[in-house]
Amino acid sequence: MMYEMNSGLQLARAYVPSQVFTQRFSAMEGLSKGTIFPELYMPYRPRRY
Amino acid sequence: MNRDQVAALKELMAQEFTALEFHLYLDTHPTDQRALMEYNEACRQLMVLKQRYQQCFGPLTFCETSGYPWQWIEEPWPWQISY
Numbered sequence: 001m002m003y004e005m006n007s008g009l010q011l012a013r014a015y016v017p018s019q020v021f022t023q024r025f026s027a028m029e030g031l032s033k034g035t036i037f038p039e040l041y042m043p044y045r046p047r048r049y
Numbered sequence: 101m102n103r104d105q106v107a108a109l110k111e112l113m114a115q116e117f118t119a120l121e122f123h124l125y126l127d128t129h130p131t132d133q134r135a136l137m138e139y140n141e142a143c144r145q146l147m148v149l150k151q152r153y154q155q156c157f158g159p160l161t162f163c164e165t166s167g168y169p170w171q172w173i174e175e176p177w178p179w180q181i182s183y
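Quick mapping for you: the protein sequence lines, in order, are chains Y and S.
The letter at position 23 of the first sequence is residue 23 when you use the working numbering, and the numbering goes up by one with no holes.
Position in the second sequence (from 1) plus 100 gives the number in the working numbering.
Since the hints were derived computationally from the structure, they do not count as laboratory data.
Hints are supplied without guarantee of correctness; some may be wrong.
As the list claims (entries may be wrong) - Pairs of lysine to any residue, SDA-like flavour, derived with a Cα cap of 25 Å: (1) Lys33(Y) with Lys150(S); (2) Lys33(Y) with Leu149(S); (3) Lys150(S) with Thr161(S); (4) Lys33(Y) with Gln180(S); (5) Lys110(S) with Met42(Y); (6) Lys33(Y) with Gln105(S); (7) Lys150(S) with Leu124(S); (8) Lys110(S) with Cys156(S); (9) Lys33(Y) with Pro178(S); (10) Lys110(S) with Phe25(Y).
Between the sequences and the hints, there should be enough to build the whole structure, so can you do that?
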C-alpha cells in the first residue's frame, strides 16, 4: 500500500491526553515562560548527540 | 517611557495573558470549576489594572476614553518601548 513504499515505516499515531489543571505559574512567570500551566512548559534545550 | 509606566504595562500584559490562557483551557474544560474561578479572578484584576493604567496614561486600545487633549497619538508607540 501507499506507506509501504517508505521503506516499511509505519504511519504515526497522534494522541493528546486530556490536560488536568492543578497548579499554575504566577502571571509574570507565565508571561515570560509562554504558558500559565507548568505541565505545558517544555523549552527546547540544545543537546549534543 | 518612565519605569513605572513600563512596569504597569508589563503587569497588565501578564494579567491579560493569564486570562487568555484560562480562557483557552476552559474552551475544552468547561466544567473545571477551579479554572473558571482563576479565569474570573484574572479578568477582575485585569479590569482594575486597565482602568488604573488608562486614568494615568490614556487609552490602551481602540474605543477607550481619552483625556484632553487626545491622548491616542502620544508617544511612545508600543513598538518604540523597550520592555
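We went through each hint and held it up to the structure:
1. With a CA separation close to 23 Å, the supplied pair Lys33(Y) and Lys150(S) stays within the 25 Å bound.
2. Using a Cα cut-off of 25 Å, the hinted pair Lys33(Y) and Leu149(S) holds, with the two alpha carbons roughly 21 Å apart.
3. Proposed proximity of Lys150(S) and Thr161(S) is supported: the alpha carbons are some 10 Å apart, at most 25 Å.
4. Restraint check for Lys33(Y) and Gln180(S): satisfied, since their Cα atoms lie roughly 23 Å apart, inside the 25 Å limit.
5. At roughly 23 Å between alpha-carbon atoms, Lys110(S) and Met42(Y) fall within 25 Å of each other, so this suggested pair holds.
6. At most 25 Å may separate the alpha-carbon atoms for a hinted pair to count; Lys33(Y) and Gln105(S) meet this at roughly 22 Å.
7. Straight-line distance between C-alpha atoms of Lys150(S) and Leu124(S) comes to about 21 Å, which keeps the hinted pair within the 25 Å bound.
8. As the CA atoms of Lys110(S) and Cys156(S) are separated by approximately 15 Å, the hinted pair is consistent with the 25 Å bound.
9. For a cut-off of 25 Å, the pair hint linking Lys33(Y) to Pro178(S) stands: about 21 Å separates their Cα positions.
10. Between the alpha carbons of Lys110(S) and Phe25(Y) the distance comes to roughly 16 Å, so the proposed pair stays at or under 25 Å and holds.
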